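Participant: All chains, please: the whole structure from these sequences, using the hints.
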Amino acid sequence: MAGSLTAGAEMVYVDSICVQGNERTKTAVILRELDFRPGDSLPMSDLQPCLERNRLYLMNTGLFSEVLLNVRDWQVPDNRLVISVRVQEAWYFYLIPLFELADRNFNLWWRDYEHDFRRINAGFILHHANVTGRRDRLKITAQLGFTRKLDLDYALPFFDRVQRWGLGFRLFLSDSQYLRYNTVDNKEVFRYDPSERLLHRFQLIGRLQRRPALHSLQRLEMGFFRTRIAAVVAEDLNPDFLGEGRPLQRYFLLRYTFEWDDRDVRPYPRRGMYLSFSLEKRGLGVFKELRAAYGEVLLKHYLPLRRRAGLESIFRSRIAIQRGPQPYYNSRALGYGKDFLRGYEYYLVDGLDMAFAKWSLRLPLWNRVWNWGKAMPVAGLRKMPLRLYFCVNGDLGYVHNPWHGAGNSLSDSWLWSTGVGLDIVSYYDKVFQIQLSGNRLGEIGLFLHWDF
Numbered sequence: 060m061a062g063s064l065t066a067g068a069e070m071v072y073v074d075s076i077c078v079q080g081n082e083r084t085k086t087a088v089i090l091r092e093l094d095f096r097p098g099d100s101l102p103m104s105d106l107q108p109c110l111e112r113n114r115l116y117l118m119n120t121g122l123f124s125e126v127l128l129n130v131r132d133w134q135v136p137d138n139r140l141v142i143s144v145r146v147q148e149a150w151y152f153y154l155i156p157l158f159e160l161a162d163r164n165f166n167l168w169w170r171d172y173e174h175d176f177r178r179i180n181a182g183f184i185l186h187h188a189n190v191t192g193r194r195d196r197l198k199i200t201a202q203l204g205f206t207r208k209l210d211l212d213y214a215l216p217f218f219d220r221v222q223r224w225g226l227g228f229r230l231f232l233s234d235s236q237y238l239r240y241n242t243v244d245n246k247e248v249f250r251y252d253p254s255e256r257l258l259h260r261f262q263l264i265g266r267l268q269r270r271p272a273l274h275s276l277q278r279l280e281m282g283f284f285r286t287r288i289a290a291v292v293a294e295d296l297n298p299d300f301l302g303e304g305r306p307l308q309r310y311f312l313l314r315y316t317f318e319w320d321d322r323d324v325r326p327y328p329r330r331g332m333y334l335s336f337s338l339e340k341r342g343l344g345v346f347k348e349l350r351a352a353y354g355e356v357l358l359k360h361y362l363p364l365r366r367r368a369g370l371e372s373i374f375r376s377r378i379a380i381q382r383g384p385q386p387y388y389n390s391r392a393l394g395y396g397k398d399f400l401r402g403y404e405y406y407l408v409d410g411l412d413m414a415f416a417k418w419s420l421r422l423p424l425w426n427r428v429w430n431w432g433k434a435m436p437v438a439g440l441r442k443m444p445l446r447l448y449f450c451v452n453g454d455l456g457y458v459h460n461p462w463h464g465a466g467n468s469l470s471d472s473w474l475w476s477t478g479v480g481l482d483i484v485s486y487y488d489k490v491f492q493i494q495l496s497g498n499r500l501g502e503i504g505l506f507l508h509w510d511f
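For the sequence shown, my numbering assigns the number 60 to the initial residue and increments by one for each residue that follows.
Hints are computed from structural coordinates only; laboratory data are not their basis. Treat the hints with caution; some may be incorrect.
Said to hold, decoys possible - Within a straight-line C-alpha distance of at most 30 Å, the following computed DSBU-like cross-link-like pairs (lysine-lysine) qualify: (1) LYS359 / LYS198; (2) LYS208 / LYS198; (3) LYS442 / LYS489; (4) LYS359 / LYS489; (5) LYS340 / LYS208.
Remember, predicted model here, so these are calculated numbers, not experimental data.
Facilitator: See below:
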């Protein structure tokens, strides 16, 4: 493309932007993700990097399986051009059978509970990533089993003309015959009662967000939480589960979050940074059953190295602003969700404050694209990329547990682990990880993780 430029020219001018291939997605949504507009002038030396950068912006929306940006109708005398944006829309609607483990993770279910299929909750997930063509997402989860659950989540990125303000809500209801009611020797202690639902939860959260630029986002959330436990838990098993022998906990939540994201490929980045900062208050004075406040920071940094290798660094910290005692149920730290150290998947580390860092050196092994052609009826899935990376990992973490640390040696001490792994990346956002990790206790294990 650079060879067609006139000698000595320094700037090019964007006459218009032509968008093609978007059958469902609104054209305005696509134009919103670009960092140039019709009428802009661009340095000629930055034209090709600009096209590639904006291709990644559009891929990061998750709406497309393929994006191509090219120059067309170049008027050489005055360097005016039209930029063509051609997209291949991804498959937006999924109705997926759900088999969810009653346990915290796959590794725990496989080893400690001998992959007992009775500990699996069954249901379905209905997910639509582009309901009205405005990048609005709807997810409905319904399941039966140890835990019955209905989870409805909807997010609309914008509702105003300039596409800066968005909103969303989440409704969550569940009850369970299975309850993790305490932590002893850094492991969960649970009760199962087929004749009684031990835990009932209700959550309603509303969200308002503002996205003034491509990389920054501010979000304000307000919600109501209600948790009820069976009398046997509150009176006998763990009176501190909800605090002071209470069978009921209610509180309002207010949370502010700021995010900055300039990663090149968000599901599996090679370069860029992600920063998130939040402040939240649990208990706004209406009910007296919980008083807590936290500040949280999450930083992810990606440094590209030679030959497509890369270094991932992750740091996360949570500090309690209100320092009073918290119920056991509200003292979760490491071992829950995505907050874990590799090599400690079998353990819980509860506490008031926590901090951890993770590092991964990624070395590419394989990169290939398969074209299934007409054998794949969904056009957005016909080209399947597959990348393999060998990883060298290292983790370090600390949890401060002033209220529930007795009998749990992993809190209030430094935790570390090292290991190697294989990362498998397919399509644009499907990541499967096989990791061999060793921890401070001298244990070595093989662990599986995935993010689809």
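Participant: Compare the distance between the alpha carbons of LYS359 and LYS489 with 30 Å, and conclude whether the hinted pair is satisfied.
Facilitator: Measuring from Cα to Cα gives roughly 19 Å; hence the hint holds.
Participant: Take the C-alpha atoms of LYS442 and LYS489, compute the straight-line distance between them, and say whether it is at most 30 Å.
Facilitator: Holds: LYS442 and LYS489 sit about 14 Å apart, inside 30 Å.
Participant: Run the distance test for LYS359 versus LYS198: straight-line Cα separation, threshold 30 Å.
Facilitator: 26 Å, holds
Participant: Given the hinted pair LYS340 and LYS208, is their alpha-carbon gap at most 30 Å?
Facilitator: 26 Å, holds
Participant: Is the straight-line distance between the alpha-carbon of LYS208 and that of LYS198 30 Å or less?
Facilitator: 13 Å, holds
When held up to the earlier numbered hints, the structure conflicts with none and fits them all.
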